[in-house]
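If you read the protein sequences in the order shown, they are chains Z and V.
The first sequence begins at 10 in our numbering and counts up one residue at a time.
The second sequence begins at 10 in our numbering and counts up one residue at a time.
These are calculated hints, taken from the structure and not from any lab test.
Just so you know, these numbers come straight off a predicted model, no measurement behind them.
Mixed in with the good hints, there may be bad ones.
For chains that are exact copies, the list does not tell them apart, and a pair is met inside one copy or across any two.
[To be verified] Only pairs whose alpha carbons sit at most 30 Å apart, straight line, appear in this in silico DSSO-like list of lysine-lysine:
{"id": "1", "residue 1": "K790", "residue 2": "K725"}
{"id": "2", "residue 1": "K845", "residue 2": "K790"}
{"id": "3", "residue 1": "K340", "residue 2": "K144"}
{"id": "4", "residue 1": "K905", "residue 2": "K664"}
{"id": "5", "residue 1": "K824", "residue 2": "K625"}
{"id": "6", "residue 1": "K790", "residue 2": "K824"}
{"id": "7", "residue 1": "K725", "residue 2": "K524"}
{"id": "8", "residue 1": "K729", "residue 2": "K562"}
{"id": "9", "residue 1": "K562", "residue 2": "K288"}
{"id": "10", "residue 1": "K340", "residue 2": "K97"}
2 protein chains.
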Amino acid sequence: MNQPEQNTSHAPKWVYMFGDGIADGTAEMRDLLGGKGANLAEMCNLGLPVPPGFTVTTEVCAAYYDNDRALPEALGAQVDAALAHVGKVVGAEFGSRDNPLLVSVRSGSRASMPGMMDTVLNLGLNDETVEGLAKRSLDARFAYDSYRRFIQMYSNVVLGLEHHRFEDILEAAKDDNGYALDTELSAQDWREVVAGYKALVEEERGEPFPQDVHAQLWGALGAVFGSWQNQRAITYRRLHSIPDDWGTAVNVQAMVFGNMGETSATGVAFTRNPSTGEKALFGEFLINAQGEDVVAGIRTPQAITEAERRINGSSEPSMEAVMPESFAHLKAIYEKLEGHYRDMQDLEFTVQEGKLWMLQTRTGKRTARAALKIAVDMAREKLISRQEAVLRIDPSSLDQLLHPTLDPRAERDIVATGLPASPGAACGAIVFDPDDAEQARNAGKPVILVRVETSPEDIHGMHAAEGILTTRGGMTSHAAVVARGMGTPCVSGAGAVRIDYAAGTMTAGGHTLNKGDIITIDGAAGHVIRGEVPTIQPDLTGDFGVIIEWADKVRRMEVRTNAETPGDARVAREFGAEGIGLCRTEHMFFEADRIQAVREMILAGDEAGRRAALAKILPMQRNDFKSLFEIMSGLPVTIRLLDPPLHEFLPSGEKEIAQLAEAMGVDPEIVARRIGDLHEFNPMLGHRGCRLAITYPEIAEMQARAIFEAAIEAGKTTGKAVIPEVMVPLVATRAELDQIKERIVAVGEQVQGEAGERLDYLVGTMIELPRACLGAGDIAKVAEFFSFGTNDLTQTAFGISRDDSAGFLAEYIRKGVLEADPFITIDRAGVGELMKIAAERGRESRPGLKLGICGEHGGDPASIGLCETIGLDYVSCSPFRVPIARLAAAQAALRKN
Amino acid sequence: MNQPEQNTSHAPKWVYMFGDGIADGTAEMRDLLGGKGANLAEMCNLGLPVPPGFTVTTEVCAAYYDNDRALPEALGAQVDAALAHVGKVVGAEFGSRDNPLLVSVRSGSRASMPGMMDTVLNLGLNDETVEGLAKRSLDARFAYDSYRRFIQMYSNVVLGLEHHRFEDILEAAKDDNGYALDTELSAQDWREVVAGYKALVEEERGEPFPQDVHAQLWGALGAVFGSWQNQRAITYRRLHSIPDDWGTAVNVQAMVFGNMGETSATGVAFTRNPSTGEKALFGEFLINAQGEDVVAGIRTPQAITEAERRINGSSEPSMEAVMPESFAHLKAIYEKLEGHYRDMQDLEFTVQEGKLWMLQTRTGKRTARAALKIAVDMAREKLISRQEAVLRIDPSSLDQLLHPTLDPRAERDIVATGLPASPGAACGAIVFDPDDAEQARNAGKPVILVRVETSPEDIHGMHAAEGILTTRGGMTSHAAVVARGMGTPCVSGAGAVRIDYAAGTMTAGGHTLNKGDIITIDGAAGHVIRGEVPTIQPDLTGDFGVIIEWADKVRRMEVRTNAETPGDARVAREFGAEGIGLCRTEHMFFEADRIQAVREMILAGDEAGRRAALAKILPMQRNDFKSLFEIMSGLPVTIRLLDPPLHEFLPSGEKEIAQLAEAMGVDPEIVARRIGDLHEFNPMLGHRGCRLAITYPEIAEMQARAIFEAAIEAGKTTGKAVIPEVMVPLVATRAELDQIKERIVAVGEQVQGEAGERLDYLVGTMIELPRACLGAGDIAKVAEFFSFGTNDLTQTAFGISRDDSAGFLAEYIRKGVLEADPFITIDRAGVGELMKIAAERGRESRPGLKLGICGEHGGDPASIGLCETIGLDYVSCSPFRVPIARLAAAQAALRKN
């Protein structure tokens, strides 16, 4: 332990007092006092009853480390003076055997680092003061329990002994007495445990447990400062980009006890209802109890207000009824704090022998629904502005409101947990085969499609299912991406689930479930649940609508949607989408009525054969586009030319190959050979995207024709034409786009000639390769718009396949190598810089170049912030994320100003 | 046709005359006169006998396009004057029926664009002048053949009629007469063909073939200028980055004929022997013949010198003997030209009625061997400097000299052609299985390993084989990369070869070959040849050694090698490698004595199991490194930690899985499941590189220990320790390297403590991901060196898998989308910029950071030039490319100064 060295020289102010209605510090002094210290000071300055104490500043932390982990010599006098003052305020004395002052010693840094550093409670107890506490509390059992807790905590934090050594002693004591629970131990039993603890410390340390309360305090101060550099804290700082040199402050505060008889109590309260947002004091308390008792749930806490008691139908009296004075005091404090902090507060308080003490105030956590109501109410109360209200809502939290959710009151038999791949809850019978899913849907029976992984061949089954469960793949696996796009709940990568397709069974959590058995999945939590769990439908009216309306007033970027089915397009437009930013045409190729022609096209030996097959697909594609254009009339629609490698459209099983060969009237071996020829080691980096349009320009020509013809037709039916934006994927160089654009424009001329009508359209490109970002200046000479495909850009910039990343990315985040999954939030330093380079070079060579994003990140609030910084014109996201993106874009615009 | 408009205003000088020993232009006026025009002028200025003519400048080309494809009006008078002058020099007259002047009309742009634009020969012939030609040549057959050729060429180039229409008429004439060959046609027959041609033109055009020779000339001028914008020329320019606005000049030159009797002749000559480099006039000629006759091979050409005639053992007299005056003249000219151009010249000449005319001089093509001899000889003759000699050698051409080659005189029965994946020729019995290859090697029998594709499991068989043939994969497929690294000849991606593993046969070119049949492959040409073809062994002494010695004097960058076997390391050191830039440790993992332990490690369920298996591998790895360190004593050796995904080490077949399970004493299903768990969709972007070291740090620790222990041991045996450079692959962020370096340094401390010795080593990283290039400043704070892994950097920047690129990359190059295969030559605009960014940011944060390249590009001369520009410290390449890299690095240094 680092006793301060003796020195009489004049020292800086290292200790800031608080309590008794005044404080040396304020809320603004966060850098010096840490968050907790500054907040305690602020509450004192507001005149609130805070247990007195003092903060040892972050400068002491710096000095501690500069001085080879020794506390500065001159600190001693300041701490002694502060301790004496605290004792005076509470009428007790540190180390007094009659009326001992006990203190807590807690870290508190500038940024919140919950649980990362060490805490010591009940400091000031020794063999003598424990008797004083017993007398004062009239509860020897409580006093000795507190003492043994203090020894255990102190020995662990300050002396470095392991918890389990103490637990072993306690367990042995219980065994000896035949007790099952800690609560069965008497005061005498605890005395014996304390003796055992002290013997252990002496044995391990070669010296007794420190009885000198000042030595205890110095030890605790050194240990808490030292915990700034423990491994947990270092990792946390790396993850949250908190500089090492900030250091922590340490708060020493008088302990107060809510368990000193019937005039004592402890509780937690919210200034508004955190579930509903209703403006009413909400909380619970327990008489003659400590804070941990409220949490532990051994006794049922009582309501704070009478109103709440009535709602709960409780016979236990409310605080309002039994402690009217403390209640009135608390009520006044809550109004003061909410007004001061201008947000809903989460309070902790203790009543010690009739006196109310405030232990903490902080901004309260709340449900998404409550957050909306509170923000709208507070704006109407003029407590905050409308813009502040918009900024108060976490856009991601809206996801809860946009999908059905599990009834929180229902029981859940969770058999496995996977990744929360697509939010929402769904329930249905297990099917393992996409065809079965479709049949069940046609029979009106809800199903959950369970697959090891999904592929584009499974799309029809995914559409038909209420929910999707896969045992492999990450947050951006095929199943996850498609499910989010469709708004279908999905749990992916549930590795503990084993599927036996042949037997038609899955095993999970020790259960074997058969095809047809009912399961429920919670795509927001990643839970797989046996049986049916009731769900709650979303409600998007009221406060939700008000906030979104306020958000739209300040938003700069447009919000489009990624959609290719009329259903998705309609949902998105209802959610406020301002066009389509990405229509993936390959999804259309999988539809049952055309997959045969698609396969003929792929298997054709020459261009003529391909053109013949494409001619069959043309009218169907035209109709697809026409429906979309009608739904999106008057808005822009971006259509991406065929992107995936052709082998994705071909079957892989022997049986399916035989079926296809028969349908086409060719030798199965020829089909198998062609499939073999098309095999790729790394399909993500293979013959796909614009490379298809270079080698098979006839495919791009067919698609361009379908788009242009549909646009002219839809323009006639709706009277408000869309402006199609033809998007060429996976461009790396200008020359690729040059050649493909030439073909598209030629088709455009032809179609306009045939129709005798003018048609406005744009030809642009996805920017999804690092090479394209660097060459963007050149590419923009040809491209009329850029749309950032940040999924593939992240894959290529990092060299990580999103489908294969589940195996190591979670570990990367756990070990602090990556702050966040780059497939969820854009990596600013790498992918973000590539986007910035592309945007700058593109706009330099084509001023006013339209820029958007259509990767999954387009629906991620943090990434939307980056898009605003780069100056994109729009973001595009899956239909169910459109409202989230509208809010996030508004916030990004507000934060930029 | 674009007749010049009449206008009397003063015009710029558009026509530059040459001939008669003087010229308006010089060799320096390439921009205005094009390459051919400038060179013809230069020869005239040297006083050489060049058929007179004139050049219409590139400015006229610009005017032609500015003026909507019309020739400027004022050009007419200048051309007429020039024509008259030409006629005067040769004593003939354009359009004269007695003594007609015939001219050629040829394009000639600043940069050579061979065959891309149009040419018209024999212009000036019509129904009257053809008779004059017949009389002057005493050969009516020749005159009418020339006329019909002119009509055909003119009609095609100027009038846009297709060749085959004329061929049809000729074929019909031959059929009618029962002729098989053109040479059977008589003068009268040709007259009839001419009549047929003229009728065709009149029918198609509605007007007769132009008889006005001036109209012919205007038509040809317009057409040749117009051909600057034909598709071939546009594509060629795009591929070679030639600006569109350069335009072409047009050369009009008097025709001379070598077929005007026994005093006429035509021939080609080299100023030195292009095969051997010997300093002696070398060439062949034919009396009474035209240039095309020399090429056509119908008559056997005669030697030019007596010395050569004797060597050939020919009974036909030499030019020296039969035309002593012309020969003496030619000899004088050759000396003058070689002295003037300071390089070996390739000359074309014609003797018309005893007068020697020079038609062309250009730098002569030569074999690699000749190039070396000529460069060394010329430097010794003081004709060029030693630095110029170094710059004269194409580094890539050395490849021919470093490997066995096929005897050029031997017959070759080529059955298929693939990609020239690894140079050299090899011959052996066909085997389809790597194990068979190994057995055959042990039995002393040379084999060619034939596979659809190779994988790391096949390494032992690849080592054992004389050559490797694959039917799939590109220039950078596994087979190609490994083969080049081993210096083993390889033909990859021979798609026309079909392999039936089950039957043990391959089919190619209509032949079915069985296991055991002998084939030969030519890895420099991509040929697959049936049977045995004799080979010639390389010889690296003499001129080769001299040039490399001169090169080393001016080289700045070091040249290291990529090697992991003692054999490769030894070869590389003999070739002058200055260390190892890349030792791929995974190759060591496949050795038979350790693959079992590697697989145990992978299949182990926990860290303890992995550590137990790794302990078995440690001594073997240490010995591997020790051998390398001994061979490379005193030089740096860079060792890359394990890079490939673990599934590459596991078997895939059911039988092999069963064997492995038995050897390990576990259930085959467990092995199969683990293999299934490790499966990846895109292994290139999967769980590999430093991601393995993050999730299984124990592997990196074992490797670090093996490296450090080996370095200390080898230092003792050799007395000259290597400085090991531990290289962490596939780093994307600094945090990855932080964590791994910490482990490596900890092992380093341990090993040094155990050995009681100090050890110098570096820890650095591959830079092979775009994310790493952008974050290089941050990474360099930890990395002590960067080594650019340009294979993976190209794959990720472009989003192209090199293993899957064969299907479309060839088409990309054919269609002009890419100038070169980016896996062979670094893409400067994209990958090059990423490297530049990384080098700059890296050196900014760590001045003096060591930079190298270890991708395949390290042996590519063009890429080495880029490396010099970026300022790398070294390049590293496969052993057989070390001499090439030494020369290329020297050239890069010379070019930069």
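How the hints compare with the structure:
1. Within a single copy, K790 and K725 get their C-alpha atoms no closer than 32 Å, and across copies no closer than 63 Å, so neither meets the 30 Å cut-off.
2. Proximity of K845 to K790 under the C-alpha cut-off of 30 Å is found in both arrangements, the shortest distances being 18 Å within a copy and 24 Å between copies.
3. Taking CA atoms no more than 30 Å apart as the test, K340 paired with K144 passes in neither setting, with 33 Å inside one copy and 127 Å between copies.
4. In this assembly of identical chains, the alpha carbons of K905 and K664 never lie at most 30 Å apart, being 58 Å within a copy and 63 Å across copies at closest.
5. With identical chains, the CA atoms of K824 and K625 are at most 30 Å apart between copies only, with a shortest distance of 28 Å across copies and 53 Å within one.
6. In this homomeric assembly, K790 and K824 come within 30 Å of each other (Cα to Cα) only across copies, at 20 Å, whereas the closest approach inside a single copy is 44 Å.
7. For a Cα distance limit of 30 Å, the shortest separation of K725 from K524 qualifies neither inside one copy, at 49 Å, nor across copies, at 68 Å.
8. Taking the closest pair of Cα atoms, K729 and K562 come within 30 Å of each other only inside a single copy of the chain (25 Å); across copies the shortest separation is 74 Å, beyond that limit.
9. Within a single copy, K562 and K288 get their C-alpha atoms as close as 27 Å, which meets the 30 Å cut-off; across copies the closest is 85 Å, which misses it.
10. For the homomeric pair K340 and K97, the shortest alpha-carbon distance inside one copy (28 Å) is at most 30 Å, but the shortest distance between copies (119 Å) is not.
Violated hints, listed in ascending order, are 1, 3, 4 and 7; each of the other numbered hints is respected by the structure.
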